[in-house]
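Q: Next come the chains, spelled out residue by residue.
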Amino acid sequence: MRRTGSVKAVDDVSLDILEGETFALVGESGSGKTTLGKVIVGLYEPTEGTILFQGQDISGKHSKVELVELRRAMQMVFQDPTSSLNPRRRIVDIVSDPMIVHKRSTRNGILRKVEELLQLVELPQDFMYRYPHMLSGGQRQRVGIARALSLDPKFVVLDEPTSSLDVSVQAKIIVLLRRLQKELGLTYLFITHNLRLVRSFASKVGVMYLGKLVEISPTADLFENPCHPYTQALLSEIPTLTDAEEKLKPSRIKLEGEIPSPTDAPSGCVFRTRCRFVTDMCKTELPMQTEVSEGHVVACHTCSRQG
Amino acid sequence: MSTPIVEIKDLHLSFATWEGTARVVDGVDLLVGQHESVSVVGETGCGKSVIAKAVAGVLPVPPAKIEKGEIYLKGKDILSMSRKEADRVRRKEVSMVFQDSMNALNPVYTVGDHLVDSLLWKGDGTFRFTTYVAKKLNKAAVEKAWKDSVQMLESVRVPSPERIMKRYPIELSGGMRQRVLIAMALLGKPSLLIADEPTTSVDVSIEAQILDLISDMIKREDVAVMYITHDLAVAKQVSNRVYVLYAGTVAEKADSNVLFRNPAHPYTVGLMASIPKLDGTIGEGIREMLPDYTAPPSGCRFHPRCDKMVSVCSQDRPKLVEVEPGHWVACHLAHGA
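Chain order of the listed sequences is P and A.
Yeah, the first sequence ends on 307 if you go by the working numbering, and it's all consecutive.
Yeah, the second sequence ends on 337 if you go by the working numbering, and it's all consecutive.
Be aware that a few hints might be false.
Chain A regions said to be covered by chain P (calculated; three or more residues, Cβ under 8 Å) [to be verified]: (1) 204-211; (2) 221-227.
Within a straight-line C-alpha distance of at most 27 Å, the following computed DSS-like cross-link-like pairs (lysine-lysine) qualify [as the list claims (entries may be wrong)]: (3) A:K68 / P:K247; (4) A:K147 / A:K122; (5) A:K68 / A:K139; (6) P:K254 / A:K277; (7) P:K249 / A:K236; (8) A:K189 / A:K9; (9) P:K254 / A:K219.
Because the hints were derived from the structure by calculation, they are not lab data.
Quick reminder that beta carbons are idealized off the backbone N, C-alpha and C, glycines included.
Chain P extracted, bound-state conformation (with noise of 0.2 Å):
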């Protein structure tokens, strides 16, 4: 959790990530989703709570070095590719950046590293003396990618990677990280708001709202059978493309009204503002994670008693 003068971003969310899982936070603006991933990574410091990676806690006190390497095996990729790669230094050195600071090896050693990662991203070896600017949004995610990749992680963070790419590079760049994933072991956390990928992507969905996990499910179970109000009008406002598509997910239901603000979140079930389900109780009582099915978990006091 984090607190800045009276804004809860992240209240009370606690979750498990499996090794070799592509588990994704969905959740809309406000929901906490990037500032948990950030948290996860070391990029905040969380105000309560505990981060266990493999079995460590990193979220206690550790000395510099050793939380030095245990970050170095978590990374990030950003969400806008122009933004997060420094505009003013050619590609090589931005993906040795990180090899440096943890000086990871010899000049020569770096350089053939960069080699290799450009090759595993599908980049042009001659992209390596280039500026960002020379290059599209895809191959600048790219770089970012390859940036990621270059201490060896075990675990990375995707904060909406392919959001600002048209959808013909996206798919490329999903097929990469597939591949990615599969040759290198990895573990991701994908953030997003898109639930069509987050389909065909994740392998377990977490969905926020205003600070808080309202569920968690292996992905084909949460489009399925989802429980939580927010998790149905989310599925159901996607527009879709067929009619065959029509009845793949929940049919439409109109949230009214806005997100409230984080900074005045209602007391009780944040949500219960917007909610179709709303009773007395949801008013005072904050509903707890219960399972309704294997691996399936809802923070709803109508859903649980449904059951």
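Fit chain A to the given chain P structure using the hints.
A: Chain A only, in chain P's frame:
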């Protein structure tokens, strides 16, 4: 058959760049009829925004240059008129809603200022200080403009419109700002509303609300819509006819339900395959990249990326052929119905 609201004939548009002349729009025919909602779909750089801006008259000329073609607004050829006359027609008939609502609104003016000024000026760019003062002092006109603005905010479903009138853009959420832009666009009672990717920077649930709103507005305000987007699913939801643009050419055009049931152009097929589906499958994308407009491919502009390419594709530009009623494809492999 009533006069179409906007008709574009054989438009050729280029940009002067350091690397040469970029021939962006290369022979586009487009039509939006009365009461129609038409989507222009394509990926980044296909020229869709440029076409919309050419119609609205907000293209920077130079470096842009209209090499050839005609644009008719309600039957009037605006490219053959003087700039002043063309703008007069545009002011009356066309309104545009832009993608980035924060940039489209002036941060030091309230919502009310934006809306009331829209009504008082109706897009007249000839600014004179005396006119400004005169208009502002005309209490009756300002009051009427205020009332009309509040009413329009109500129709675009802005809650507590009277209060919102006094707010600054930064105090509003993205969805709310987008509604204000739509309200501003509709105040002038245009015949054509051009929406340039208005829901790209908005959350999914707000996007759904905005799309519903636009569909409602079409029925209520008797306005035709040209909707620019890269999202095929959004195009399907909000319009009854779709143009698929590739590299400044029309690859395919069809009624919405027909296009999605039976996409014919290899580009459209590749695009649809790339969309992650609700059954968990996703395509592999389309190989290569958009062409360099300063040295575009000969013949069909898509041929270097097409798996079905044959020799004629690199020589001749394919013409639009009707493959079934209401469905036209520009591809040498397509056969007429």
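Q: So, for every hint listed, does it hold in this structure?
A: Results for each hint:
no., hint, result
1, 204-211, "holds (count 7)"
2, 221-227, "violated (count 0)"
3, A:K68 / P:K247, "violated, 47 Å"
4, A:K147 / A:K122, "holds, 16 Å"
5, A:K68 / A:K139, "violated, 47 Å"
6, P:K254 / A:K277, "holds, 22 Å"
7, P:K249 / A:K236, "holds, 17 Å"
8, A:K189 / A:K9, "holds, 25 Å"
9, P:K254 / A:K219, "holds, 20 Å"
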